[in-house]
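Top line first, the protein sequences correspond to chains A and B. Note that my numbering has the first sequence beginning at 8, numbered continuously upward. Note that my numbering has the second sequence beginning at 72, numbered continuously upward.
Do not take every clue at face value.
[Unchecked claim] One side of the interface only, derived from the structure: several residues of chain A facing chain B at Cβ under 7 Å:
hint: 1; residue: N70
hint: 2; residue: S71
hint: 3; residue: I82
hint: 4; residue: A84
[Claimed, not checked] Below 30 Å or equal to it, Euclidean Cα-Cα: the simulated DSS-like pairs (lysine-lysine) are:
hint: 5; chain 1: A; residue 1: K65; chain 2: A; residue 2: K53
hint: 6; chain 1: A; residue 1: K41; chain 2: A; residue 2: K65
hint: 7; chain 1: B; residue 1: K204; chain 2: B; residue 2: K153
hint: 8; chain 1: B; residue 1: K103; chain 2: A; residue 2: K65
hint: 9; chain 1: A; residue 1: K13; chain 2: A; residue 2: K41
hint: 10; chain 1: A; residue 1: K57; chain 2: A; residue 2: K13
hint: 11; chain 1: B; residue 1: K103; chain 2: B; residue 2: K162
hint: 12; chain 1: B; residue 1: K103; chain 2: A; residue 2: K41
hint: 13; chain 1: A; residue 1: K41; chain 2: B; residue 2: K76
[To be verified] Quick look at which bits of chain A chain B covers, simulated, 3 or more residues with Cβ under 8 Å:
hint: 14; segment: 39-47
hint: 15; segment: 73-81
These are computed hints drawn from the structure, not numbers from a lab. Even glycine gets a Cβ: it sits at the ideal position worked out from N, Cα and C.
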Amino acid sequence: MQSETKSHVEQLTSPAGHPVTVLRFEGDIASTSKEAVLGAYQALPKATVKLILLDFTKVDYINSSGIALVIQLLIEAANA
Amino acid sequence: MSGLKTTNVEVRLPSRMGFEKVAMSTAASVAKLMGFREDRIEDLKTAVAEACINAIEHGNRLNEKLSVGVILSAGEDSLEVKVIDDGKGMKNHPSRPDIDRKMHGEEDPRGMGMFLIQALVDEAEWVAGTDGKSSYVRLVIRLDKEQA
Numbered sequence: 008m009q010s011e012t013k014s015h016v017e018q019l020t021s022p023a024g025h026p027v028t029v030l031r032f033e034g035d036i037a038s039t040s041k042e043a044v045l046g047a048y049q050a051l052p053k054a055t056v057k058l059i060l061l062d063f064t065k066v067d068y069i070n071s072s073g074i075a076l077v078i079q080l081l082i083e084a085a086n087a
Numbered sequence: 072m073s074g075l076k077t078t079n080v081e082v083r084l085p086s087r088m089g090f091e092k093v094a095m096s097t098a099a100s101v102a103k104l105m106g107f108r109e110d111r112i113e114d115l116k117t118a119v120a121e122a123c124i125n126a127i128e129h130g131n132r133l134n135e136k137l138s139v140g141v142i143l144s145a146g147e148d149s150l151e152v153k154v155i156d157d158g159k160g161m162k163n164h165p166s167r168p169d170i171d172r173k174m175h176g177e178e179d180p181r182g183m184g185m186f187l188i189q190a191l192v193d194e195a196e197w198v199a200g201t202d203g204k205s206s207y208v209r210l211v212i213r214l215d216k217e218q219a
């Protein structure tokens, strides 16, 4: 019933010329989305990835458990 | 839906994550028939989803033998939604979430559902069942006079 969370990674260059890693999410973000949200972030090569853009424009549904996963991602990124 | 004092719609959901969306879409359909604005319908959908998730996860503890009852009562100027589970209800309400503390990892990132509900509807009350089960949350969203 819960639609799957998809995530994929793209590399862009910002207008200032900095490399930006974009994490694009699709579908639902809920309690079952841990791997798609945190796993996708944790798989990024931290040595080279410095700027990350989270793209939720194709997310159909996010609930409080999904927001909690995004907060966890932000905490991990802040501590990296 | 004019001319009717109260019209009830009932839905029973299995205690499985994801089925809150059935209650969301039912509530949205009823609210649309009543003439609620789109932004208020979005508020209602989120509040109903969070109430159902709490009922599935905490009330019925994901026991698929138990169901969650959702009763929508459409009145002339308001919509009441009761979400009923087989839990004992809450003894203590959780403390108000602090987003800064959450962002700094000083507070559990979860635990926002009740506060989303309270922020999005006109009334919200949590009632513990007198028999140790059949607890419910009651939500009310009112039609603004200009949109009625």
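| query | Are K103 of chain B and K41 of chain A close enough, with their CA atoms no more than 30 Å apart? | reply | violated, 33 Å
| query | Regarding the pair K13 of chain A and K41 of chain A, is the alpha-carbon distance no greater than 30 Å? | reply | Holds, because 11 Å separates the two Cα atoms, which is no more than 30 Å.
| Is the shortest C-beta separation between S71 of chain A and chain B less than 7 Å? | holds, 4 Å
| query | Holds or violated: are the alpha carbons of K204 of chain B and K153 of chain B at most 30 Å from each other? | reply | holds, 15 Å
| task | Starting from K41 of chain A, check that the Cα of K76 of chain B is at most 30 Å away, please. | result | Status violated; Cα separation ~45 Å.
| said: Min Cβ distance, I82 of chain A to chain B: is it shorter than 7 Å? | reply: holds, 5 Å
| query | Does the CB of A84 of chain A sit less than 7 Å away from some CB of chain B? | reply | Violated - the Cβ of A84 of chain A stays beyond 7 Å from chain B, reaching only about 11 Å at its closest.
| With a cut-off of 8 Å between beta carbons, are at least three residues of the segment 73-81 of chain A near chain B? | holds (count 6)
| message | Tell me if the straight-line CA distance from K103 of chain B to K65 of chain A falls inside 30 Å. | response | OK: K103 of chain B and K65 of chain A at ~24 Å, within 30 Å.
| said: Run the distance test for K41 of chain A versus K65 of chain A: straight-line Cα separation, threshold 30 Å. | reply: Roughly 17 Å separates the two Cα atoms, so the pair holds.
| query | Is the hint on N70 of chain A kept, meaning its closest Cβ partner in chain B is under 7 Å away? | reply | holds, 6 Å
| message | Please verify whether K57 of chain A and K13 of chain A have alpha carbons no more than 30 Å apart. | response | holds, 22 Å
Violation of the numbered hints given earlier is confined to hints 4, 11, 12, 13 and 14; the remaining hints are satisfied by the structure.
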